[in-house]
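*Asks:* For the record, the sequence lines run as chains W and X. Here this note's numbering is used: the first residue of the first sequence is 1, the next is one more, and so on. Here this note's numbering is used: the first residue of the second sequence is 1, the next is one more, and so on.
The set of hints was computed from the structure by calculation and includes no laboratory data. Treat the hints with care, since some could be wrong.
Unchecked claim - To give a feel for the contact side, a few chain W residues facing chain X, derived at Cβ under 7 Å:
1) Arg70
2) Ala76
3) Leu93
4) Ala197
5) Ser200
The beta-carbon is built from N, C-alpha and C at its ideal position, and this holds for glycine as well.
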Amino acid sequence: MSLLEVKGLNSYYGDSHILFDVAIEVQPHEVVALLGRNGAGKSTTFKSLMGMVKPRSGSIKFDGHELAGRAPHEIAQVGLQLVPEERRIFGSLDVEENIILAGLTARNKWSLDRIYELFPRLGQRKRSSGTALSGGEQQMLAIARALVRDPKMILLDEPFEGLAPVIVKDLMNACRRLAADGLTIVLVEQNLAATLALASRAYIVNNGHIVHEGRTADIKADPAVLHRYLGV
Amino acid sequence: MINWGNLISQMFNGLVLGMLLALISSGLTIIYGTLGVLNLAHGAMFMLGGYAGWLAFSYTHSFIAAVVVGSLFVMIVGIVMERVIIRSFYGRPHEDQILVTFGIGIVFVEAVRFAFGSLSKIVPPPEMLNGIVNLGFMFYPKYRLALLVIVAVALLVLYIVLYRTKLGMIVRAGIEDAGMVDALGINVHKVFMLVFGIGAMAAGFSGIVNAPVVAVSPDVGESILVQTFVVVVIGGVGSFPGAILGGLIAGEIISITSMFNPGYAYVMLFAAMTLVLVLRPYGLLGTAGRD
């Protein structure tokens, strides 16, 4: 049974139609990527899944729950967690408070030790205010905030954007570890090489439509698809 | 020619007024910071606290009962107001929120005037705090001195709630980014209701503890509302430390100016606010964070 099954999803920003009948299916323990140009609708898809944009129509089945129309906190409580592109770290809270806050309503929360073991950098900076972190540390904290809730699936929106290659490598290793531990991950990323290395399957989004779906190995080997939808 | 004894006593008055403004403004600023709603009924909440306390006092003759009833009553009014009315205004433009809270304030003031008349009501201080005390360098009303302590303790309690509890952590995070708090599994709307209640209670509590200094009347909240707004702007919208700093500055400006010419108290207050806005557009301790 799929962990996530999205059917006929339509989302709007005000009057502009952004997502058209989006359909996505993700199996448990899969790492899936959403590819597409800027403005294709990838982030909107994530926000619709998380309830931060209310879908106009369609169904989002997640682990036996219907999520369409539910509030973000209800969606978080059934085990889906978005790591937003802007990271949205709370600057008035320190690193540890950011993590504790995120875990407040989680049923089986991760221990702080487990978080700091995955991201030692956060352990060293646990008393720093959220605003004093580097971009890479902020991204680690954003992911840590999702993980502390012990979610069944995380949605990673552009986790590597604007980060130095050495930090990207660290984060990729962390993602690989999480995937190996069985966490289901859906990923949006402009860094095509990193995405194709992490994900086993991908959807290509274009102008709010899903235009292609396939194994990343096949997409990598298909210059026509890469060129047509991703411009590479 | 400055009369030094007079100046010191006015500075003390300024300190008392400043602390009180700090407490009322903290309520306003946490509501605005978290919910994004500018509560123009906040002055009316101050007034309601005074009346609810006065009513409790006239039945029980206990000052403590008056304070408890005054604070709790206004907290409940705040929660009901948030549940029934404010809730439908979160998604609406600021003008709508301003109009509706302003309207609610008028309803409260006129309802109280209708029920109890326009004449002011007196709540005497507790027996043991009556009279004046010799501080060595001046004589000062005992209750005003006690008020300083009472309000300082209330601010400390508010500080502990905001900075040492889980609720406070949620409120501080919510002031920055309520949407993200929601996405982390916390029902922000429930928290909003509590914040509104606590913010209103800060005004209600101030209203009753100030009643022995300034008798309560239906219009007592009006000038308080104006001063509170200035405090929040000076200190930085959404900042609790800013509300305290702004309150103390505003209290001293009003008191010291009044010593020379009370007519210029507001002129100086608004001049200070303008100066702050020119030099630091987000207030002394505010940040540009909010969207």
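*Asks:* Could you run down the list of hints and mark each one as holding or not?
*Replies:* Hints, one by one, checked against the model:
Given the 7 Å rule on beta carbons, the hint for W:Arg70 is violated: about 11 Å separates it from the nearest Cβ of chain X. For the restraint placing W:Ala76 at the interface with chain X, the shortest Cβ-Cβ distance is roughly 4 Å, inside the 7 Å limit, so the hint holds. For W:Leu93, the shortest C-beta to C-beta distance to chain X is roughly 6 Å, which falls under 7 Å, so the interface hint holds. Below 7 Å, beta-carbon pairs count as interface contacts, and W:Ala197 has none with chain X, the closest being about 28 Å; its hint is therefore violated.
For W:Ser200, the shortest C-beta to C-beta distance to chain X is roughly 27 Å, which exceeds 7 Å, and the interface hint is violated.
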